[in-house]
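Q: Sequence:
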Amino acid sequence: MTSSNIKPFKFMESAVLPLATGIRAQTLRELHSGLTEVPDSSIYFHFWGRMVRPHISESEFNNDFASWVNSSLRDFMLAEALGGINPVKFQNFDNIRAVILNILEKRLENEDFLSWKKSDRDFHFIACKKLMFETGRETSALDDFPAAVKHTSKESFFYHFIDGRRRSSDCKDDFTIWLEQFSDETADLRKKLKNVDSYLFSLTELQRQVFSIFDDWQNSKGGKCSCPK
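Numbering of the sequence shown is given in this note's numbering, commencing with residue 1 and proceeding in unit increments.
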């Protein structure tokens with residue numbers, strides 16, 4: 001493909017704007033009930049929103065439902081089950097919602113103390129609106145692409161690598177889709193990007209992994225990395 005035929009990669013930024021739903025839960029039953037009412041954007045916020053929040057308390061769990069069940073209801077086994085959900089593996093929000101509800105229903109069947117215990121901190125269901133902005137940055141040169149990616153903001157990286165997979169019917173991030181224009185030349189690079197789990201790590205750790213992959217690929221071509229560490 002000649003350079004004139006290359007479609008430029010246009011870097012975007014995104015913001016996740018939280019929106020109150022007015023729905024909250026003190027017990028597992030109320031959590032289950034709330035999940036049947038809230039919009040898909042609430043599922044999105046409580047799974048992916050943590051990655052772009054300016055301040056977030058540390059938790060060993062990757063979604064807000066599991067964190068709340070563990071910290072407020074002290075039900076570690078249920079928290080582990082909820083924390084084991086990887087939303088990237090599901091095609092749509094209906095499937096994610098169904099899995100959460102199924103886990104909660106199985107727990108509620110026990111009808112023990114923890115199934116009706118009131119928490120010491122309410123779970124507030126938050127919906128969200130995603131905003132997208134043009135950055136004015138773009139590149140058409142393959143050799144310049146690694147540096148361009150590494151100079152993106154966290155919000156831009158989130159939009160292209162993490163949210164890009166959710167938006168793609170083939171679960172491909174925006175970087176990979178753009179690199180497909182170069183066919184075999186980027187086959188190994190695209191394979192390594194595909195193998196990165198885009199959900200189980202923090203945004204900072206994901207950036208490190210992806211930047212390292214670009215570094216290794218560029219170094220294998222004899223290129224010099226002019227990117228920030």
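The hints are simulated quantities; they were obtained by calculation from the structure and are not laboratory data. Quick caveat, the model's predicted, so the values are computed rather than measured. It is possible that part of the hints are untrue.
Claimed, not checked - Simulated restraints on C-beta separations:
(1) 110 x 26: 27 to 37 Å
(2) 140 x 94: 32 to 42 Å
(3) 132 x 37: 20 to 30 Å
(4) 188 x 84: 30 to 40 Å
(5) 95 x 144: 30 to 40 Å
(6) 185 x 134: 25 to 35 Å
(7) 95 x 222: 37 to 47 Å
(8) 5 x 134: 32 to 42 Å
(9) 60 x 184: 39 to 49 Å
(10) 77 x 121: 12 to 22 Å
(11) 37 x 185: 27 to 37 Å
(12) 122 x 6: 50 to 60 Å
(13) 141 x 88: 27 to 37 Å
(14) 191 x 90: 20 to 30 Å
Unchecked claim - Below, simulated EDC-like cross-link-like pairs (lysine to aspartate or glutamate); rule was C-alpha separation at most 16 Å, straight line:
(15) 10 x 155
(16) 118 x 134
(17) 154 x 134
(18) 118 x 184
(19) 117 x 94
(20) 192 x 155
(21) 221 x 184
(22) 221 x 170
(23) 7 x 180
(24) 130 x 170
(25) 150 x 216
(26) 221 x 143
(27) 150 x 30
Ideal Cβ placement from N, Cα and C applies to all residues, glycine included.
Q: Is 50 to 60 Å right for how far apart the beta carbons of residue 122 and residue 6 are?
A: At roughly 52 Å between Cβ atoms, residue 6 and residue 122 fall inside 50 to 60 Å, so the hint holds.
Q: Holds or violated: are the alpha carbons of residue 117 and residue 94 at most 16 Å from each other?
A: 27 Å, violated
Q: Do the Cβ positions of residue 110 and residue 26 conform to the proposed distance bound of 27 to 37 Å?
A: 18 Å, violated
Q: Take the C-beta atom of residue 95 and the C-beta atom of residue 144, compute their distance, and say whether it sits inside 30 to 40 Å.
A: The hint (30 to 40 Å, Cβ to Cβ) holds, given that residue 95 and residue 144 are roughly 39 Å apart.
Q: Straight-line Cα separation of residue 150 and residue 216 no greater than 16 Å?
A: 13 Å, holds
Q: Between residue 77 and residue 121, does the C-beta distance stay in 12 to 22 Å?
A: 19 Å, holds
Q: Does the Cβ pair residue 188, residue 84 satisfy 30 to 40 Å?
A: With Cβ atoms ~31 Å apart, the hint holds.
Q: What's the verdict on residue 130 and residue 170, does the C-alpha distance respect the 16 Å limit or exceed it?
A: This hinted pair is violated, its Cα atoms lying about 21 Å apart.
Q: Holds or violated: are the alpha carbons of residue 221 and residue 143 at most 16 Å from each other?
A: With a Cα-Cα distance of about 10 Å, the restraint between residue 221 and residue 143 holds, given a limit of 16 Å.
Q: May I ask you to test the hint 20 to 30 Å on the CB atoms belonging to residue 191 and residue 90?
A: 23 Å, holds
Q: In this structure, is the beta-carbon distance linking residue 141 and residue 88 contained in 27 to 37 Å?
A: 30 Å, holds
Q: Note whether the CB distance of residue 95 and residue 222 lies within 37 to 47 Å or breaks it.
A: Holds, at about 45 Å.
Checked against the numbered hints given earlier, this structure breaks hints 1, 8, 11, 16, 18, 19, 20, 22, 24, 27; the rest are met.
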